[in-house]
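Position 307 (the sequence shown) corresponds to 307 in the UniProt record's numbering; numbering is contiguous.
Rather than coming from a laboratory, the hints here were simulated on the basis of the structure.
Keep in mind that the hints are not guaranteed to be accurate.
[Stated by the list, open to error] Here are the simulated lysine-lysine pairs, DSSO-like style, with alpha carbons at most 27 angstroms apart:
#  : residue 1 : residue 2
1  : 52        : 161
2  : 52        : 138
3  : 52        : 125
4  : 18        : 138
5  : 125       : 256
6  : 262       : 276
7  : 272       : 138
8  : 125       : 252
9  : 272       : 161
10 : 276       : 252
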Amino acid sequence: MIAEDILRHGNVLRAPDKVFTFRELAIATENFSPELLVGEGGFGRVYKGHIKNTNQVVAVKQLDRNGVQGNREFLAEVLTLSLVHHPNLVNLIGYCADGRQRILVYEYMQNGSLDDHLHDLPPDKKPLDWYTRMQIAKGAARGLEYLHDTANPSIIYRDFKISNILLDEMFNPKLSDFGLSKFGPKGGEDHESTRVMETYGYCAPEYAQTGHLTTKSDVYSFGIVFLQIISGRRAVDNSKPADEENLVEWAKPLFKDRSNFKLMVDPLLEGKYPEKGLNQALAIAAMCLQEEASTRPLICDVVNALEYLAMETDEDMSATET
């Protein structure tokens, strides 16, 4: 994983601001109170915490002590976020490595994850409008662009999904959860060979079949996320009919005819989107989801394409009946 890669590259790390004791974080989370639990995943639980001496609200991610993978994720996360810094990447404030405890402390993202705003919305929660969705897509793509093109060495995220896109109070997106990230190919190679670890439903076909990992694998995952942003659908939804369970398989025949594009829009938008913007957005998603990795765009090209979409404003949008 990244720990060994960093040693080989010999990079100087930017250490996180703070090394916390377990006691400090237990106090901050009221002894990891279930009432402060804000998220749960394969590697552990995330709590909302309050660091009293700095009066700082934080997210405290306690990794599973019983899993080897949790320790690997801890190392990868600390080391990766020590190397990179960008407005669209979550900020690691500090960590705790007391005994068997492995805990990460991040800035708290007030609006939770993108997943929280696309699926299972409570009646009192307003769905994201088209403009906000395009802004989120652009920001998330910029975070990915930084990892691919600016970070040195380049980093393949390998876990790009809506639950890993966090939103601040202004709905600015930040990528989180770098436990599966890998450095890009070195020494003239065009791919990394690695065990398949990506979330089901987001995995590029060549990576799933061969374990060959490139930045284009991340671009495929971006295509799935962007399609989710547009459609409001899950990457995999077992409650749907068999031919609609997989988002990409559902979308493939619809991509072929522009007259079908209205069928791909989230009903929660209630027809409030620019038709031209929808056509362009789905064209971008389709390019990212090409079966052959070599035919997918670079993420920098995706960012450029999204600039126009994100400039659309509510005032300019014409309501379209679906």
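Proposed proximity, residue 161 with residue 272 (alpha carbon, max 27 angstroms): holds, 25 angstroms
Hinted pair residue 276 and residue 252, Cα distance within 27 angstroms: Distance ~20 angstroms between residue 276 and residue 252 Cα, so the pair holds.
Holds or violated: residue 52 to residue 125, with C-alpha atoms at most 27 angstroms apart: Outside the cut-off at roughly 31 angstroms; violated.
Given pair status - residue 138, residue 18, alpha carbons within 27 angstroms: violated, 31 angstroms
Holds or violated: residue 52 to residue 138, with C-alpha atoms at most 27 angstroms apart: Not OK: residue 52 and residue 138 at ~35 angstroms, beyond 27 angstroms, violated.
27 angstroms limit on alpha-carbon distance, applied to hinted pair residue 125 and residue 252: violated, 31 angstroms
Satisfaction of hint between residue 276 and residue 262, Cα-Cα up to 27 angstroms: Status holds; Cα separation ~11 angstroms.
Holds or violated: residue 272 to residue 138, with C-alpha atoms at most 27 angstroms apart: holds, 19 angstroms
Restraint check for residue 52 with residue 161, where alpha carbons must lie at most 27 angstroms apart: Given pair residue 52, residue 161 is violated - Cα atoms ~33 angstroms apart, limit 27 angstroms.
Pair hint outcome, residue 125 versus residue 256 [Cα-Cα no greater than 27 angstroms]: With Cα atoms ~34 angstroms apart, residue 125 and residue 256 exceed 27 angstroms; violated.
The structure fails hints 1, 2, 3, 4, 5, 8 (numbered hints given earlier, in ascending order).
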